[in-house]
Amino acid sequence: MNKYILRKEKIAEALKALGNTGVVYIPVKNKRGLVEYKELGKDASASDIRLDCKPDVPPKGILFPQTEVLFTFKEMGGKITVTPVKIEDQEKIIFGAKPCDAIAITLLDKVFCGGKFTDSYYKARREKVTVFTIACDGPADSTCFCPSTGGSPAATGGSDVMMYDMGDSYYAEGITDKGRKILEALKGQLGKPNSAQEKRKEEIIEKAESAEGFSRKITEESIGKLDSSFDSKYWDDIARRCLSCGACTYYCPTCHCFDINDEPGNKRVRTWDSCQFSNFTMHTSSHNPRTAKAQRLRNRYYHKFKYSKENIGRYLCVGCGRCIALCPVGLDITKAISEVK
Amino acid sequence: MSGNHAAEGADAGLVSCEAEPRFEPKIVAFLCNWCSYAGADLAGVSRLQYPPNIRIIRVMCSGRISPMLVLRALKDGADGVLVSGCHPGDCHYLKGNLYTRRNLQLLRSMIDYFGIEGDRFQMSWVSASEGGKFADVVKTAVEKVRKLGPNMNFKVTDSQDRSE
Amino acid sequence: MSDETIRAEAKKALRDRGLKCVIGWSADGTPFFAETEEDIEKLSFNQLCANNLVPYLTKEIRSQRGKTRDGKEKIVVPVGIVVKGCDSKALLLLLNENILSRKEIFIIGIPCTGVADRHAGGALYKKCVKCAMRNPVVFDVLASEKVQEDTRGYSEIEAIEKMTTEERWKFWKEIFADCIRCHACKRSCPVCYCDECMLDPTDIAIRPDTTAEEKAHRPRWVERSVNVPENLLYHLARLPHLTGRCVDCGECERVCPQRLPLRLLTAKLEKDVKEIFNYEAASEAGQKPLIAMSCLEDDNGFIM
Amino acid sequence: MSSENRYIPQIAEITNIAQETTGERAVKTFRVVFKDKSVQMEFDDRKPGRTCMVSVFGKGESMFAISSSPTKKGFLEFSVQRTGRVTEMLHELEVGEELGIRGPYGNGFPVDEWKGKNIYFIAGGIGMAPVRSVMNYVVDNRKDYGELHLIYGARSSRDLSFKAEIDALEQEGAIDVRQTIDVEEPGWFPLDNKNPEQAKFEPSCRKFTGFVATTVSAMKCNPDNALAVICGPPIMIKTAIASLAKLGWKDEQIYTTLENKMKCGIGKCGRCNIGGVYVCVDGPVFTYAQVKKMLNDQ
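Chains as they are written, first to last, in my numbering: chain A, 1 to 341; chain B, 1 to 164; chain C, 1 to 304; chain D, 1 to 298.
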């Protein structure tokens with residue numbers, strides 16, 4: 001019976017206890033008003049934790065950092081020695097993730113660890129990450145549309161411990177063995193839920209299943225329409241406004257494209273990349289299969305809803321709405337997919 | 001920043017001839033071929049002493065130096081950059097140094113604004129006959145940069161690097 | 001009131017001048033390309049219409065240029081655009097730099113009382129609180145009466161200049177540690193129109209006849225790694241390209257998803273240019289670019 | 001073993017460099033041997049036409065087809081055209097220097113399904129590299145296959161690679177070789193690109209002037225119990241397939257390799273996709289039937 005109550009005033013204590021088992025990342029508001037995950041004790045203190053909103057920056061950077069040295073090499077008289085970078089194996093705890101970000105982590109797992117090859121850098125980090133998720137009460141803001149992508153404000157996918165807001169405390173429930181074990185270890189700071197809290201939790205889950213309050217949505221039928229509208233002129237019309245910057249992809253919790261370059265200091269570095277940049281697919285022969293903005297924008301939407309369904313059987317979009325919130329020219333994936341004919 | 005950097009400056013080429021090793025800055029000097037490089041040549045021919053810290057790069061005109069070259073030199077480890085050209089009006093190409101003055105003057109105030117000491121970027125006009133002035137320019141430049149210590153602004157320290 | 005004027009003028013121009021399209025905003029503040037009369041009905045102007053539309057105008061015009069198969073210059077179909085005060089200064093700068101020519105453009109100017117800051121939930125964008133360029137400086141027709149303009153202040157810049165070197169470095173280091181190099185600032189900047197950008201190592205304009213040497217020896221000025229030195233070099237190296245060209249339209253800061261105060265960079269540049277060279281970007285038509293002019297009488301400043 | 005680090009290249013030493021063509025777009029064939037012999041064994045039992053990510057340390061990585069046949073054990077060969085950042089540096093390496101190799105990647109040619117068939121190898125320019133590996137494999141297992149034809153085109157006679165090797169195959173009578181060049185040169189029978197069918201030439205004529213697609217039409221390649229392997233620049237593949245279609249070839253009979261920009265080679269970096277298909281893991285070899293079904297992002 002792995003159900004506990006964590007009183008809100010005890011959170012700082014619980015975080016300190018978790019800090020002994022590994023590095024804890026908590027969502028805090030930074031100096032410029034952006035809520036992002038920072039390391040407890042190093043860049044953030046428990047008091048400025050923000051659990052009441054959807055973080056502006058997803059936890060993707062913790063598992064798949066924007067810049068990562070793959071290995072260094074040395075050349076002596078034509079002879080090369082390659083020394084791989086030791087992949088870190090610190091225990092990491094993401095405390096206060098949202099259900100959409102937790103599901104996004106399972107999608108990154110599918111991309112990096114599924115298929116014929118496994119990405120050992122991602123895998124090594126992923127095995128050491130524990131996710132404490134807090135269920136949402138309806139849409140976190142106007143850009144959310146997780147029910148349209150198979151998620152819900154209380155979905156437990158990707159979470160090790162699920163927490164429901166009881167007002168003055170959190171109802172914590174272990175989902176995976178790792179989650180149950182870590183909750184057991186915290187038993188000292190936790191209480192037992194009473195029947196009122198059990199009922200409240202059921203209400204939250206029920207309300208989440210009904211997808212109440214979500215005005216923004218994408219219907220299955222409009223996703224199905226994508227097969228026939230690949231050559232529609234609609235893509236040219238909306239892509240005309242696109243500035244080809246990388247904002248939508250860098251804030252998307254499931255965007256995983258990257259670039260590999262050799263850099264001074266004899267190191268091979270992997271960095272995030274964006275399919276919206278104009279030279280993402282440029283050949284050295286100057287042929288560029290996706291040279292037009294419309295092709296690139298269409299490719300991103302199709303990758304999220306059609307290609308991913310074909311390749312890994314799930315949508316690569318979790319409906320967090322960050323790409324809608326941050327696009328400088330107001331491009332909206334839900335509007336595009338619903339309106340394209 | 002102004003503390004004794006002997007320990008930290010270990011990799012910056014120590015001259016151990018004195019009792020207590022002091023910081024020897026690395027300065028990249030872009031000299032225009034017609035005037036400043038000739039001035040440096042004259043300083044050498046007439047046996048004038050000046051610190052060996054500058055690495056001279058000859059360019060056809062000081063106008064050739066774009067701000068990017070200066071910034072990239074600082075980023076790749078130079079502790080200071082000196083750009084020297086002909087006196088205004090003497091330019092072999094008539095207006096090269098005038099463009100340099102207009103283009104790079106703002107660069108210095110921007111570098112200072114960013115918290116990278118302005119003295120790390122210096123400019124001078126040295127004509128072909130001013131061997132003495134060239135030696136003095138180099139001396140003052142090296143002293144100014146030596147006082148500032150090694151250029152740490154462009155070093156990747158773990159805390160800054162987002163790659164954790 | 002101004003929406004009707006915009007639509008009427010746009011419709012007239014579309015008919016009389018045979019415009020390819022009129023670039024404006026739709027009511028929800030997103031950029032909109034009106035090609036037909038019934039599209040023009042959707043044009044509107046309100047506080048949400050914050051984007052500077054000049055980058056689109058540059059693309060629409062330059063994509064029509066080039067030579068026809070038999071070597072003659074292609075005829076450029078004129079394009080209409082709706083501009084606020086700051087947008088029009090950027091447009092004037094491009095006209096002065098002969099990137100666009102006046103006859104190719106039909107300009108509807110709108111005196112602007114300030115636009116919303118999308119990160120601050122609709123509150124007035126910081127730049128618009130005290131704005132010295134509310135009235136368009138170049139236009140074919142005005143959509144409403146001119147409004148009162150304020151004087152330009154540099155208080156924030158002076159505050160930073162007063163800091164010690166260490167404080168300034170700490171201030172900027174924190175900002176550049178947060179930059180994720182998504183290029184939104186560069187892509188939304190109206191005066192940033194190069195085909196190939198030296199600040200983006202992947203941005204090489206390869207043509208079929210580009211030789212192996214050109215591709216191999218093109219210097220990578222800024223590496224792809226995202227850390228403080230590379231970010232510092234990216235922003236620091238962008239400034240010389242904006243010297244005497246940036247009109248402080250504020251798009252770089254407004255679109256930055258990390259909300260970095262990028263206008264503190266361009267405003268400092270603007271202040272220096274005014275103090276040292278008494279030059280202001282796009283101050284009048286036909287003005288010569290600052291960096292392209294040389295002047296014997298410039299003072300030597302710190303030059304030994 | 002899934003925890004193996006897929007991004008670390010294996011070190012290999014260059015043992016031989018053959019200058020195939022000279023000039024701006026020179027082609028060199030690099031023979032490399034792995035320092036670690038066990039790695040070499042892994043590479044030796046591969047299908048022909050598979051590819052590798054070749055690392056020139058300090059410059060980067062690029063994906064190249066292994067141009068030597070898997071029947072030739074103990075080494076790998078890459079025929080590389082000098083065209084960009086990595087290849088320009090590669091062309092400056094000398095024998096004895098080392099480079100990195102990751103792979104083998106890609107699906108390679110399904111040679112087991114081709115048993116008993118006549119095979120037309122159609123290559124344009126550097127497209128000869130992947131074709132060479134599968135052609136030599138087929139020649140080394142000659143009894144399993146029917147008639148073999150090679151139609152190899154390039155810009156000019158100076159740009160034709162593997163001259164000695166191809167002439168040797170022709171002398172042995174293993175393959176019926178026809179070479180064609182774009183620009184008219186003496187001794188090369190001119191074909192009319194507009195209507196190649198009416199071309200009259202002696203069956204023994206080996207050298208033509210005209211596009212590859214023209215030669216394909218002129219040779220009247222017979223589709224019965226046959227299949228074609230086409231590699232080269234996209235325009236050449238398109239026109240050659242059109243010529244074959246006119247001669248009654250069906251889409252399943254035509255195999256081709258697609259080229260896309262690749263960085264990881266293992267289906268993760270999201271760059272080489274055409275629609276939902278990743279060229280680096282699902283390809284690069286596809287039948288034309290598969291290519292036609294892909295959403296045309298070309």
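Just so you know, these hints were derived from the structure itself, not from any lab.
Among the hints, a few may not be true.
Heads up, simulated PhoX-like pairs for lysine-lysine below, C-alpha to C-alpha not over 25 Å straight-line [unchecked claim]:
#1 A:233 / C:11
#2 A:293 / C:173
#3 A:293 / D:28
#4 A:293 / D:293
#5 A:79 / D:293
#6 A:74 / D:35
#7 C:130 / A:31
#8 C:103 / C:271
#9 A:86 / D:293
#10 C:162 / B:147
#11 A:293 / A:267
#12 D:28 / A:116
#13 A:86 / D:35
#14 A:199 / A:217
#15 A:293 / C:162
#16 A:74 / D:37
#17 C:170 / A:29
#18 A:79 / D:292
#19 C:20 / A:31
#20 C:20 / A:233
#21 C:59 / A:29
#22 D:47 / A:293
#23 A:79 / D:261
#24 A:38 / B:147
#25 C:59 / A:42
#26 A:42 / C:20
#27 C:215 / C:126
#28 D:163 / C:215
#29 B:155 / C:173
#30 A:233 / D:35
#31 C:170 / A:233
Which bits of chain C does chain A cover? Going by a derived footprint, with three or more residues having C-beta under 8 Å, they are [stated by the list, open to error]:
#32 28-34
#33 154-162
#34 169-182
#35 231-238
#36 263-274
#37 298-304
Beta carbons are placed, not taken as given, at the ideal position from N, Cα and C, and that holds for glycine.
Here is what the structure says about each hint:
1. A:233 / C:11: 24 Å, holds
2. A:293 / C:173: 34 Å, violated
3. A:293 / D:28: 37 Å, violated
4. A:293 / D:293: Holds, at about 23 Å.
5. A:79 / D:293: Roughly 46 Å separates the two Cα atoms, so the pair is violated.
6. A:74 / D:35: Given pair residue 74 of chain A, residue 35 of chain D holds - Cα atoms ~16 Å apart, limit 25 Å.
7. C:130 / A:31: 24 Å, holds
8. C:103 / C:271: 33 Å, violated
9. A:86 / D:293: 43 Å, violated
10. C:162 / B:147: 21 Å, holds
11. A:293 / A:267: Violated, because 32 Å separates the two Cα atoms, which is more than 25 Å.
12. D:28 / A:116: Violated. Residue 28 of chain D to residue 116 of chain A sits at ~32 Å, over the 25 Å cutoff.
13. A:86 / D:35: With a Cα-Cα distance of about 23 Å, the restraint between residue 86 of chain A and residue 35 of chain D holds, given a limit of 25 Å.
14. A:199 / A:217: 29 Å, violated
15. A:293 / C:162: 45 Å, violated
16. A:74 / D:37: 22 Å, holds
17. C:170 / A:29: Given that 25 Å is the threshold and the Cα spacing comes to 20 Å, the pair holds.
18. A:79 / D:292: Violated, because 46 Å separates the two Cα atoms, which is more than 25 Å.
19. C:20 / A:31: Violated, at about 45 Å.
20. C:20 / A:233: This hinted pair holds, its Cα atoms lying about 17 Å apart.
21. C:59 / A:29: Violated: residue 59 of chain C and residue 29 of chain A sit about 38 Å apart, past 25 Å.
22. D:47 / A:293: 38 Å, violated
23. A:79 / D:261: 28 Å, violated
24. A:38 / B:147: The hint is violated at about 37 Å.
25. C:59 / A:42: Roughly 46 Å separates the two Cα atoms, so the pair is violated.
26. A:42 / C:20: 56 Å, violated
27. C:215 / C:126: Roughly 43 Å separates the two Cα atoms, so the pair is violated.
28. D:163 / C:215: 29 Å, violated
29. B:155 / C:173: 11 Å, holds
30. A:233 / D:35: 54 Å, violated
31. C:170 / A:233: 49 Å, violated
32. 28-34: holds (count 6)
33. 154-162: violated (count 0)
34. 169-182: Satisfied; 5 residues make the cut.
35. 231-238: violated (count 0)
36. 263-274: With 0 residues closer than 8 Å to chain A, the stretch 263-274 of chain C misses the three-residue bar; violated.
37. 298-304: Result for this restraint: violated, n = 0.
Of the numbered hints given earlier, the model fails hints 2, 3, 5, 8, 9, 11, 12, 14, 15, 18, 19, 21, 22, 23, 24, 25, 26, 27, 28, 30, 31, 33, 35, 36 and 37; all others are met.
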